[in-house]
Structures are given as structure tokens and as C-alpha cells.
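K.L.:
Listed below are the residues making up each chain.
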Amino acid sequence: DAKTTQPNSMESNEEEPVHLPCNHSTISGTDYIHWYRQLPSQGPEYVIHGLTSNVNNRMASLAIAEDRKSSTLILHRATLRDAAVYYCILRVGFSGNTPLVFGKGTRLSVIA
Amino acid sequence: DTAVSQTPKYLVTQMGNDKSIKCEQNLGHDTMYWYKQDSKKFLKIMFSYNNKELIINETVPNRFSPKSPDKAHLNLHINSLELGDSAVYFCASSQRYFRTGADNYGYTFGSGTRLTVV
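If you read the sequences in order, they're chains A and B.
Note that the numbering used here has the first sequence beginning at 1, numbered continuously upward.
Note that the numbering used here has the second sequence beginning at 113, numbered continuously upward.
For the record, the hints were derived by calculation from the structure and aren't laboratory data.
Note that CB positions come from ideal geometry on N, CA and C, so glycine has one too.
Check the hints yourself; a few may be wrong.
For lysine-lysine, the following DSS-like pairs were computed, each having C-alpha atoms within a straight-line distance of at most 30 Å [said to hold, decoys possible]:
| id | chain 1 | residue 1 | chain 2 | residue 2 |
| --- | --- | --- | --- | --- |
| 1 | B | Lys148 | B | Lys121 |
| 2 | B | Lys153 | A | Lys3 |
| 3 | A | Lys69 | B | Lys131 |
| 4 | B | Lys179 | B | Lys156 |
| 5 | B | Lys134 | B | Lys164 |
| 6 | B | Lys156 | A | Lys69 |
| 7 | B | Lys156 | B | Lys134 |
| 8 | B | Lys183 | A | Lys69 |
| 9 | B | Lys179 | B | Lys121 |
| 10 | A | Lys104 | B | Lys156 |
| 11 | A | Lys3 | B | Lys131 |
| 12 | B | Lys156 | B | Lys183 |
| 13 | A | Lys3 | B | Lys152 |
| 14 | B | Lys148 | A | Lys3 |
| 15 | B | Lys153 | B | Lys164 |
| 16 | A | Lys69 | A | Lys104 |
| 17 | A | Lys104 | B | Lys134 |
| 18 | B | Lys148 | A | Lys104 |
| 19 | A | Lys69 | B | Lys152 |
| 20 | B | Lys152 | A | Lys104 |
| 21 | B | Lys179 | B | Lys131 |
| 22 | B | Lys183 | B | Lys148 |
| 23 | B | Lys156 | A | Lys3 |
| 24 | B | Lys153 | A | Lys104 |
| 25 | A | Lys104 | B | Lys131 |
| 26 | A | Lys3 | A | Lys69 |
So the derived label-pair ranges between C-beta atoms look like this [to be verified]:
| id | chain 1 | residue 1 | chain 2 | residue 2 | range |
| --- | --- | --- | --- | --- | --- |
| 27 | B | Asp130 | A | Arg58 | 41 to 47 Å |
| 28 | B | His185 | A | Asn23 | 35 to 41 Å |
| 29 | B | Gln126 | A | Glu15 | 46 to 52 Å |
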């Protein structure tokens, strides 16, 4: 799977939107962009994924650049419970034997 | 109902002992995984089983032996525990093939087993 680059940490005020960036300049045409997050003392959890178009779900939105070399996870209103490490992961569609490979992620702090 | 459950949640043991961690998933997934998260918080894949068949075996010491009695269970047995084995071990499950448009495209992780070797 191609590599992603994320800031080590970010900070946000509660109830404000948060934009978490991810660069993936070597993304291939078959790579899907996945986001997972890991809350303190818990296992990672799936957040959202996309290929080319922007995606929305109940947890977040995913904005994908037109050239697909970067993407942004958007939390519309950060809450204290959103404080976690957020991982941006590229995964080949129909990847079969290829597991999720986690990088360092971005540690998001939310300030009350 | 917990989707992926691991037992025990905490495990403290002495060097040289043998211990097992159990994992069960009730999601109907066909693939299960073990990940290790060390003190620096890096998550690394260790093993993957699909329908009881080992499909991924990363560079892990032979002291670690996974066992999958059926596709809903994946256990991890560790022999001759060492201080460096101290970590949090996560079990996860998914469908083997990531299918676009399907509901079942993500990994579901357990809450982890914190292993401390003293």
C-alpha cells in the first residue's frame, strides 16, 4: 500500500470544525482512502473511506482532492469524545491478502 | 453484543511463562487478524487468518503461535514470554475482500489485551 503523510498532532476547540489533512502523492488508481481513529485505551475504529468523490457519513466527511494526492477528514463539530489518533490509510480495492497498514497518525486534542 | 471480544483484557505474567489470548467475532467476517501496539503506539500486523487458513505471517518470533479453530475465533499463544513482548494486542476481523458499495468493508477491532511481562 502507498504511503501517507499526516501531521503528528493537531488541536481544536470544542464545537468547532476540524480539518485533518493527509498527503498521499504516490496513490495509485486502485487505492481507496480509509480513515480510522483510535480513542484512548480502545482499538481503532473505522471512520470513513472514499475513492474519488467526497463522502459523508454520520461520523465525518471526507474531501478528496481532484488529483487524489491529498485528502481531508472533516469533523464538523469537534467534541471532547473526538480526541483520538486519526489514521489515514491507503488500501487497494479488492486487496485480498493485504492487511491494513497503520502509520503514525495525527493525535487530535480537543479543548473545552 | 460485542462484535469482536478479546480475553483477558489485562494480563500480567512473569518472563518465561506461556500465555494465551482469545478472540471471538460475531460479525460473520471471514478474516481475522492480530495486531501488536508497542509502547511507542505503533500498530503492526502480526497474523491474518481467512476461514481458518493462515494467509499473513509477518516477521514474528516462533514463540507466537496463532490458532483458528473456526472462522469466528482466533487465539494467540505465546511461549517463553520475554520483557519485549509487553504491549497491547488487538484482534480484528473483516471480510477478506474489500468490496466497494458493501456495508462490510471495514475492520472491526477488539478493545485490546494489555500484556505486561515482568
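K.L.:
The structure should be examined with respect to each hint, and the outcome stated for every one.
P.N.:
These are the hints, each one checked on the structure:
{"no.": "1", "hint": "B/Lys148 x B/Lys121", "result": "holds (14 Å)"}
{"no.": "2", "hint": "B/Lys153 x A/Lys3", "result": "holds (18 Å)"}
{"no.": "3", "hint": "A/Lys69 x B/Lys131", "result": "violated (44 Å)"}
{"no.": "4", "hint": "B/Lys179 x B/Lys156", "result": "holds (19 Å)"}
{"no.": "5", "hint": "B/Lys134 x B/Lys164", "result": "holds (15 Å)"}
{"no.": "6", "hint": "B/Lys156 x A/Lys69", "result": "holds (25 Å)"}
{"no.": "7", "hint": "B/Lys156 x B/Lys134", "result": "holds (18 Å)"}
{"no.": "8", "hint": "B/Lys183 x A/Lys69", "result": "violated (37 Å)"}
{"no.": "9", "hint": "B/Lys179 x B/Lys121", "result": "holds (19 Å)"}
{"no.": "10", "hint": "A/Lys104 x B/Lys156", "result": "holds (11 Å)"}
{"no.": "11", "hint": "A/Lys3 x B/Lys131", "result": "violated (35 Å)"}
{"no.": "12", "hint": "B/Lys156 x B/Lys183", "result": "holds (22 Å)"}
{"no.": "13", "hint": "A/Lys3 x B/Lys152", "result": "holds (19 Å)"}
{"no.": "14", "hint": "B/Lys148 x A/Lys3", "result": "holds (20 Å)"}
{"no.": "15", "hint": "B/Lys153 x B/Lys164", "result": "holds (29 Å)"}
{"no.": "16", "hint": "A/Lys69 x A/Lys104", "result": "holds (19 Å)"}
{"no.": "17", "hint": "A/Lys104 x B/Lys134", "result": "holds (27 Å)"}
{"no.": "18", "hint": "B/Lys148 x A/Lys104", "result": "holds (14 Å)"}
{"no.": "19", "hint": "A/Lys69 x B/Lys152", "result": "holds (28 Å)"}
{"no.": "20", "hint": "B/Lys152 x A/Lys104", "result": "holds (10 Å)"}
{"no.": "21", "hint": "B/Lys179 x B/Lys131", "result": "holds (13 Å)"}
{"no.": "22", "hint": "B/Lys183 x B/Lys148", "result": "holds (20 Å)"}
{"no.": "23", "hint": "B/Lys156 x A/Lys3", "result": "holds (15 Å)"}
{"no.": "24", "hint": "B/Lys153 x A/Lys104", "result": "holds (8 Å)"}
{"no.": "25", "hint": "A/Lys104 x B/Lys131", "result": "holds (29 Å)"}
{"no.": "26", "hint": "A/Lys3 x A/Lys69", "result": "holds (11 Å)"}
{"no.": "27", "hint": "B/Asp130 x A/Arg58: 41 to 47 Å", "result": "holds (44 Å)"}
{"no.": "28", "hint": "B/His185 x A/Asn23: 35 to 41 Å", "result": "holds (39 Å)"}
{"no.": "29", "hint": "B/Gln126 x A/Glu15: 46 to 52 Å", "result": "holds (48 Å)"}
Hint violations for this structure: numbers 3, 8, 11, all remaining hints satisfied.
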